[in-house]
Amino acid sequence: MKGGTDRVAGSDEVTGPDRTSGTPILEGVDLVREYRMPRRSLREPGAVVRALDGVSIAIEEGETFGIVGESGSGKSTLSRILMALDQPTEGTVRYAGRQVSGTRERRLRFLRRDVQMILQDPMSSLNPRMRVGRLISEPLSALGIDCDHRDRVGELLNAVGLSDDVVDRYPHQFSGGQRQRIAIARALAPGPRVIVADEPVSALDVSVRAQILNLLTDLAEQFRLTLVMVSHDLSVVRYLCDRIAVMHQGRIVETGDTEQIYSDPQQAYTRKLLAAVPTLEGDLLNRYARSDA
Amino acid sequence: MSGLTVENLVVEVNGQPAVRGVSFELDSGGRTGLIGESGCGKSLTALALMGLLPHGVTASGSVLLDGRNLLDLSDKEMCRVRGNSLAMVFQEPMTALNPMMRVGKQIAESLRMHRGMDRAAAGRRAVELLDRVRLPEPEQTARKYPHQLSGGQRQRVVLAIALACDPVVLVADEPTTALDVTVQAQMLRLMDELVREEGASLLLITHDLPVVASVCEEVLVMYGGTIVETGLVREVFDAPRHHYTAGLLASTALDSVDGSGRLATIPGRVPSLGQFPDGCVYRNRCPRADEVCVATPLLSGDEPSLTGDLAVSQIGRRAFACHHPLHDDRVGA
Ligand SMILES: Nc1ncnc2c1ncn2[C@@H]1O[C@H](COP(=O)(O)OP(=O)(O)OP(=O)(O)O)[C@@H](O)[C@H]1O
Ligand SMILES: Nc1ncnc2c1ncn2[C@@H]1O[C@H](COP(=O)(O)OP(=O)(O)O)[C@@H](O)[C@H]1O
Ligand code: SF4
Ligand SMILES: [Mg+2]
Ligand SMILES: [Mg+2]
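The listed protein sequences derive, respectively, from chains A and B.
Residues in the first sequence are numbered consecutively from 1, following the numbering used here.
Residues in the second sequence are numbered consecutively from 1001, following the numbering used here.
Honestly, I wouldn't trust all of these hints.
Unchecked claim - Each pair of labels, with its calculated beta carbon distance range: (1) A:Gln249 <-> B:Ala1295: 29 to 35 Å; (2) B:Met1100 <-> A:Ile145: 48 to 54 Å; (3) A:Asp218 <-> B:Asp1238: 55 to 61 Å; (4) B:Leu1298 <-> A:Tyr35: 54 to 60 Å.
Claimed, not checked - In silico contact screen, one side only, chain A against chain B (beta carbon under 10 Å); selected entries: (5) Leu42; (6) Arg43; (7) Leu280.
By construction, these hints were calculated from the structure, which means they are not laboratory data.
Values in this document were obtained by computation on a predicted structure and should not be read as measured data.
Beta carbons: idealized from backbone N, C-alpha and C, even for Gly.
I would like the entire structure built from these sequences, with the hints used as guidance.
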């Protein structure tokens, strides 16, 4: 389980992460994650799926980093492992230079406070039986953070653009966009340094999506957050992220500056992915047909 | 040539109108987009066409196909129409599939029921259809259960079932919202090809404007249960006349920001059913609203002959329901 010295075939094709600015805030080295599928019969053990196949990634403090790729490429698996919510089969994860993979949960208190998560469907991440006030203050109590929870909840609600008189309402009494604001307020509560957002706007209308993207941009600046954004929507990632990593079949096939990758993709897979994005110009079917050939 | 004509369709949920007098025409071989934010009545419109409205929800007006008003048909007759002329693809493919039945069998059952094919012929045709929607190894795929397929593959099976009846009209309600971009592009291309080849008409419902731009030639913009703008996609997206269309387009464009680096948004949110303002439905969110907007604007075009509520035969032409249309300067240019 430990280690990180074994080289994984193929990982050297990848452009190495930029290490000019010192210790990355979040770093994964040679990550492998295997899942065993349920056995198909008594004699046949389940097949092994390699969800991550030798991934190295370094995220610098203060940047917005995008992880893109098609469904099943391993984006969510990678983000969970980076947050130490799941353990890699091989490889190491470090947060600000400290190893967090293979570390016992009770020694990860600092990580649970510093790194927060936002998910695609706020309805499934917000307990439907808790009022908004409780939902937002819960991480504070859970982490034993000492402050006036009432004040803090009010502050956070204002930061995400909700009025503080909503504290007594339940999640189902809000629209999708408002629920995502509540989820963001909850993530901000413990004062994190890093937020990992897995498809945070995929379930939202375009109009609401723009509101939430504006909010995330503002908050990242205001709270000096490092933002890791997992998405298959390349237009969203292009808008929000400084750097991106493109994943395909459990590997990072290309990583670098967002604008550079969008304007001059080096890998065939990246080109195919970019060609598949519909645009208002409506030339998708031609472009995609070409990239297919 | 007209495939399906909808006239003054009203859909009521417990007596509250959710779709309020909508008219449009779907031409054979035509691809029409129906766009708008959630809660604007898109799905209810689609379900009304299909005769699939849930309990407690009723439709009036007319949905004309081959000279018959589908809203007057009995459940049994409507079921036959669905098997022979109309087909629908839903956002979540699992709702349309039987989890306990192999996918090949599901397609074959539909062929046997609606086409009266025998078992062997239906089985062969099912495999052909799976091949048609570009599923790899169609024979093997036919023997799989829905849970053994990925989301994109399942959606293709649903499309194969829809095509089994050679539909005159295909209604697709957010068919690619749950799919990633590469699978989405394949699905869109497939629907586009099939509609072109079969001469069916497509009604594509989505809140994703680039998807409409990619597939459709005409677009209907829906807000508050009414059509607020319609016309050719090229014209509507190039120069929207209604402020709602303009708002949707602006918030879609993630490549342009204002001076302080912010994306354009539509202020406020879609009101819940029964909470839309009278007069112009968009009045409480529109940046251009004034006292004139208290009166309900008609859906009409610029040419004098088109002012007054638009007759169905004139739809497909450019029309919008706004007292202060945008791009007024372009008129006559
Ligand atoms: N608990 C699990 N058991 C077995 N296989 C799994 C498990 N979780 C993920 N996988 C597999 O690992 C691969 C990567 O999954 P992951 O959820 O990381 O994809 P993703 O890139 O986030 O996709 P999406 O865009 O659909 O969310 C897939 O093949 C998936 O089926
Ligand atoms: N079965 C139903 N019961 C009650 N209200 C409904 C039902 N279906 C839809 N509505 C309401 O009708 C309006 C239009 O819904 P819908 O057609 O689903 O919108 P869209 O597809 O544009 O998102 C919404 O306010 C929605 O909440
Ligand atoms: S009629 Fe008035 S409120 Fe409605 S879109 Fe036009 S300007 Fe705005
Ligand atoms: Mg995922
Ligand atoms: Mg809908």
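Which hint numbers does the structure go against, in order from smallest to largest?
Failing hints, ascending: 1, 3, 5, 6.
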